[in-house]
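> Residue strings, one per chain:
Number of protein chains: 2
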Amino acid sequence: MARKRQMKLSAYLVGTGMHASSWRLEEADPGASIDIEYYSKLAQTAERGKFDMAFLADSLAINEQSHPNILNRFEPITLIAALAGATSRIGLVATASTSYIEPFNLARQFMSVDRISKGRAGWNIVTTRDLSGNTARNFGADTHFELEHRYRRADEFVDVVRGLWDSWEDDAFVFDKARGRFFDPAKLHRIRHKGEFFAVEGPLNIARSPQGHPVLVQAGNSESGQAFAARVGEVIFAIKYNFEDARAYYKEFKEKVAAAGRNPGDVYVLQGISPVIGASEEEAKAKQKRIEAFLPEETIIGFLADYFKEVDFSRFNPETTAQEAGLNTLRAANPDYGKHQPVIARENPTLRELYSLIIGSFSGDHLVGTPEKIANTLEQWFLEGAADGFMLMAPVLPEGLDQFVNQVVPLLQERELFRTEYEGRTLREHIGLPVPVNRNSAGSLTR
Amino acid sequence: MARKRQMKLSAYLVGTGMHASSWRLEEADPGASIDIEYYSKLAQTAERGKFDMAFLADSLAINEQSHPNILNRFEPITLIAALAGATSRIGLVATASTSYIEPFNLARQFMSVDRISKGRAGWNIVTTRDLSGNTARNFGADTHFELEHRYRRADEFVDVVRGLWDSWEDDAFVFDKARGRFFDPAKLHRIRHKGEFFAVEGPLNIARSPQGHPVLVQAGNSESGQAFAARVGEVIFAIKYNFEDARAYYKEFKEKVAAAGRNPGDVYVLQGISPVIGASEEEAKAKQKRIEAFLPEETIIGFLADYFKEVDFSRFNPETTAQEAGLNTLRAANPDYGKHQPVIARENPTLRELYSLIIGSFSGDHLVGTPEKIANTLEQWFLEGAADGFMLMAPVLPEGLDQFVNQVVPLLQERELFRTEYEGRTLREHIGLPVPVNRNSAGSLTR
Chain X
1 MARKRQMKLS AYLVGTGMHA SSWRLEEADP GASIDIEYYS KLAQTAERGK
51 FDMAFLADSL AINEQSHPNI LNRFEPITLI AALAGATSRI GLVATASTSY
101 IEPFNLARQF MSVDRISKGR AGWNIVTTRD LSGNTARNFG ADTHFELEHR
151 YRRADEFVDV VRGLWDSWED DAFVFDKARG RFFDPAKLHR IRHKGEFFAV
201 EGPLNIARSP QGHPVLVQAG NSESGQAFAA RVGEVIFAIK YNFEDARAYY
251 KEFKEKVAAA GRNPGDVYVL QGISPVIGAS EEEAKAKQKR IEAFLPEETI
301 IGFLADYFKE VDFSRFNPET TAQEAGLNTL RAANPDYGKH QPVIARENPT
351 LRELYSLIIG SFSGDHLVGT PEKIANTLEQ WFLEGAADGF MLMAPVLPEG
401 LDQFVNQVVP LLQERELFRT EYEGRTLREH IGLPVPVNRN SAGSLTR
Chain W
1 MARKRQMKLS AYLVGTGMHA SSWRLEEADP GASIDIEYYS KLAQTAERGK
51 FDMAFLADSL AINEQSHPNI LNRFEPITLI AALAGATSRI GLVATASTSY
101 IEPFNLARQF MSVDRISKGR AGWNIVTTRD LSGNTARNFG ADTHFELEHR
151 YRRADEFVDV VRGLWDSWED DAFVFDKARG RFFDPAKLHR IRHKGEFFAV
201 EGPLNIARSP QGHPVLVQAG NSESGQAFAA RVGEVIFAIK YNFEDARAYY
251 KEFKEKVAAA GRNPGDVYVL QGISPVIGAS EEEAKAKQKR IEAFLPEETI
301 IGFLADYFKE VDFSRFNPET TAQEAGLNTL RAANPDYGKH QPVIARENPT
351 LRELYSLIIG SFSGDHLVGT PEKIANTLEQ WFLEGAADGF MLMAPVLPEG
401 LDQFVNQVVP LLQERELFRT EYEGRTLREH IGLPVPVNRN SAGSLTR
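Listed in order, the protein sequences are those of chains X and W.
At position 185 of the first sequence the residue is numbered 185 (UniProt numbering), and the sequence of numbers has no breaks.
At position 82 of the second sequence the residue is numbered 82 (UniProt numbering), and the sequence of numbers has no breaks.
Next comes chain X alone, as it looks inside the complex (with noise of 0.2 Å):
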């Protein structure tokens, strides 16, 4: 009889949190941020949890109205090297962007991170959005690529670096110490790549992993992105704040899988999700009110007036909606304001709600709770096409993995919807992904 179908869980690691309040909170270490055993913790909590693995998220540039969990912070490939060793099982996922890194020197560090952690480590694909130019200008250049030259350079990166991935056959390293003979010259691969973007001969100087190579991480949301999301992403990640665009989303993302000529059920839909767990309904909401109650007045008007620039906020304050602002009817300059336009129609928020709707820590009513209403949202979402799974993007740290780890995960795994145990050692076997074809192997069948 075959398994039924689980559900994956991934673990978005940020420093005290998602919310841009949670290092205020009086438990709070605002230096977690930069503080390796506190991640190692985090990761080891997840892993507990039996997660699929963890998540860090990064950026290239910080200004002073960064979110404080992202001014000073590890850097992803790094911090995940490090965490290998804390932890034996759990994947674990980086960040990192095509636009600007060598595709060698990447393909290099996450292959040896992959080697590092037996073939758990994971690769989210980024071109780096960049509206204000601060991440050019910390790379030579004044500006940054539009749109569609970003995913025209992922798309040959991304080649690039699963060809050097691919440098040596599975079975290259003979090690025939008698006949002192290493290698078999015959397994070992060039690329000789001359594209648009990139010139990149090769070989790789290290050899695939136990899992082939680390697994291919996705969030792209614009057009552009999605479409580039079917084409190479293993594992999506999307944020949606409501049952209806979620499954909606979920529905048409599968389409786009199945239209590239590859088969949707090898993608697999995390939704982002930020809930905030209570031993009641009421403890939960009064928890969301009171990190809502350090987000400074300035922040949040501050902060929308430098994201919708045409606005002038000065004259709302956080609790204004944002029919009164008449932001649902604005045509939005920022190509991230579309995805929300959906909910701020529909639901009309407050300008403070719609400021972390938009910075990603977001939690509706139907994510805020007691442990039982989010294990029955997941459900209802998991079983009714609106994910395969979940990131959980918890607004405070560490209590909010905690929390999820304690008191959710036991009510998934009773109703079988979430594993009790890791059935495998590699990321690829937690999410039921195969280990990718060596071109070169495959292609030397045909020769």
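These aren't lab readings, by the way, just hints derived from the structure by calculation.
Incorrect hints may have been included.
Only pairs whose alpha carbons sit at most 25 Å apart, straight line, appear in this in silico BS3-like list of lysine-lysine [unchecked claim]:
id, chain 1, residue 1, chain 2, residue 2
1, X, Lys-41, W, Lys-118
2, X, Lys-4, X, Lys-254
3, X, Lys-177, W, Lys-118
4, W, Lys-41, X, Lys-177
5, X, Lys-289, W, Lys-177
Given the coordinates of chain X, assemble chain W onto it according to the supplied hints.
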């Protein structure tokens, strides 16, 4: 009373050892260069021996003739991030090139590892020698930069990196929860660098570590390389094959440091050594013979033919002397060759010996013998002005490191030439280097 001056020790960690045949020994694990437990054990052994640091070399290209230990190996920055968790005191130095990586990425990854290791990281700055163009072709270029260009770029690169490391003053983070003030914006600095090679605005999204920033290690050997090392290096890695050469180099190099306006006492010269240790002189010599015997004739002759290009080596065998082959009168096209010419002129090595010399696993008579003999050699070099310490490039690993730690280190400790316990926690504390002043803090005093 001032403590007696003590030597610095660094362990060069590379798979089965420096010797090209080390993987062929019966006891060797040819998969060592890709085994994280193996590397963790090496680093732990060096730490048990109270070594100042472990050192990871690098290259950004391979070909069919490359040393088996570098064909398939970890990327060093990710490797030291992993080793940080397997050790608690020893410094961890990774090699990275100023020619093929963005300064923002490098500054960030090294500071991240310096944070992960709590102030134990070092950066071995290389500009990448690439006569074949193999490296350039992995990074979109057909030919590599010339020497002069490389070091001009390296100067600017290091300046940018150090500037980025100083983005945050040490007391920038005020963590004032009550007032919602995470940091003091006056203590966040952008470098706004626009130079010949790089334009980098900053700031970096990670603050300085407990040791300020990673220790800067350099091994430049050419005229330009030594000048660069004298300007920026804090620990210098040189390889000289006898006492006179080592002492002459040491004296000249320290003069260059003084000429560059720095205190020669703040720059530590480590001489590379490849000792072969035996219970008796005979045992050590037999050991050396045993491993040399594994070097196939075609490896030696093929390597030298490639190295010298204009010489026809097909007429020679490994026992031909350099004089018989006419190498002692040859003008070197390979800039690397210059450093070997005095040794070749004086010692007239066989081609087998010359091969070992060039690939860096040559063990002169003074380093083949009992632990006492090795300790005597190091004592002489250290006390008579040839070295501030040593880089142990063991021909065979783990044996060469185990033996050195178990048998040579205790002798050095008895003679009070080496520490019996770590005095501090950071690599700078081990070496005796000051925490670098933050350029912005210093500036603010005079504003």
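> Each hint: holds or not?
Against the structure, the hints:
1. X/Lys-41 with W/Lys-118: Judged against 25 Å, a Cα distance of about 17 Å means the pair holds.
2. X/Lys-4 with X/Lys-254: With a Cα-Cα distance of about 20 Å, the restraint between X/Lys-4 and X/Lys-254 holds, given a limit of 25 Å.
3. X/Lys-177 with W/Lys-118: Violated. X/Lys-177 to W/Lys-118 sits at ~41 Å, over the 25 Å cutoff.
4. W/Lys-41 with X/Lys-177: 24 Å, holds
5. X/Lys-289 with W/Lys-177: 17 Å, holds
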